[in-house]
Amino acid sequence: MRTNIVIPMKDPQLSKTRLDPQLSSRQRQELALSMFKTTLAFFNKYFPQHHLLVVTASDFISNIAYNYGASVLIETKLGLREAVESAARWSLNNDFQSQLLIPADIAELDYREFERLLNVYRPVPSVLLCPAYDLGTNALLTTPPNVIPFLYGIDSSLAHQRVAHERDIACQVIKLPALALDIDTPDDLELLALLSSPVTQELNKLCKIA
Numbered sequence: 172m173r174t175n176i177v178i179p180m181k182d183p184q185l186s187k188t189r190l191d192p193q194l195s196s197r198q199r200q201e202l203a204l205s206m207f208k209t210t211l212a213f214f215n216k217y218f219p220q221h222h223l224l225v226v227t228a229s230d231f232i233s234n235i236a237y238n239y240g241a242s243v244l245i246e247t248k249l250g251l252r253e254a255v256e257s258a259a260r261w262s263l264n265n266d267f268q269s270q271l272l273i274p275a276d277i278a279e280l281d282y283r284e285f286e287r288l289l290n291v292y293r294p295v296p297s298v299l300l301c302p303a304y305d306l307g308t309n310a311l312l313t314t315p316p317n318v319i320p321f322l323y324g325i326d327s328s329l330a331h332q333r334v335a336h337e338r339d340i341a342c343q344v345i346k347l348p349a350l351a352l353d354i355d356t357p358d359d360l361e362l363l364a365l366l367s368s369p370v371t372q373e374l375n376k377l378c379k380i381a
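Quick note on the numbering used here: the sequence shown kicks off at 172 and runs consecutively.
Be aware that one or more of the hints could be misleading.
With a cut-off of at most 30 Å between alpha-carbon atoms, the simulated DSS-like pairs for lysine-lysine come out as follows [said to hold, decoys possible]:
#	residue 1	residue 2
1	181	248
2	248	208
3	208	346
4	376	346
5	181	379
6	379	208
7	181	208
8	216	376
9	181	216
10	346	181
The hints are simulated quantities; they were obtained by calculation from the structure and are not laboratory data.
The model shown is predicted, which means the values in this text are computed figures rather than measured ones.
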């Protein structure tokens with residue numbers, strides 16, 4: 172089953188605004204860029220068999236994505252929902268049977284978690300998701316790509332489960348501890364400070380927490 176891995180990414184100047192005033196504008200930009208590049212490098216190294224698509228309105232981000240071998244979909248409309256809806260249409264138009272949406276701000280990407288996620292049996296149609304610790308959606312695997320509407324926002328993992336059940340679509344929830352931690356809020360920074368891998372140590376240096 173052909174799976175398109177989709178990473179939405181804002182212009183770094185617009186990223187991580189909820190970390191203000193804990194981090195300066197420069198720190199927020201550097202943090203967002205570091206996690207984005209780490210995400211691209213991770214999928215290049217461990218999952219080269221899967222296509223990678225970055226959705227962005229930023230020429231700067233587009234150039235970085237190209238350097239990592241990703242395709243780019245320019246989406247100028249504001250809002251994550253519009254971006255991922257455009258990605259789903261792109262996936263369908265390019266003959267992908269499934270789409271995996273991943274944010275670019277996961278603190279620590281774990282190969283074993285993604286190996287499990289991508290190899291779980293999934294019927295057609297189906298939804299497979301990994302919730303964040305705050306009940307957001309940190310991985311959303313949809314088969315076909317547009318099988319449900321995208322409902323990002325507060326408690327979005329619950330919203331995605333609900334809409335799948337309303338449409339009688341098989342929905343699996345997999346709780347993966349590393350994938351559950353994205354960096355959006357001051358509380359997330361506190362959790363980040365407790366991690367000790369080389370990647371998270373580097374992120375902590377950017378945040379001047381370590």
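Hints and how they fare:
| no. | hint | verdict |
| --- | --- | --- |
| 1 | 181 / 248 | holds, 11 Å |
| 2 | 248 / 208 | holds, 23 Å |
| 3 | 208 / 346 | holds, 25 Å |
| 4 | 376 / 346 | holds, 28 Å |
| 5 | 181 / 379 | holds, 23 Å |
| 6 | 379 / 208 | holds, 20 Å |
| 7 | 181 / 208 | holds, 13 Å |
| 8 | 216 / 376 | holds, 24 Å |
| 9 | 181 / 216 | holds, 23 Å |
| 10 | 346 / 181 | holds, 26 Å |
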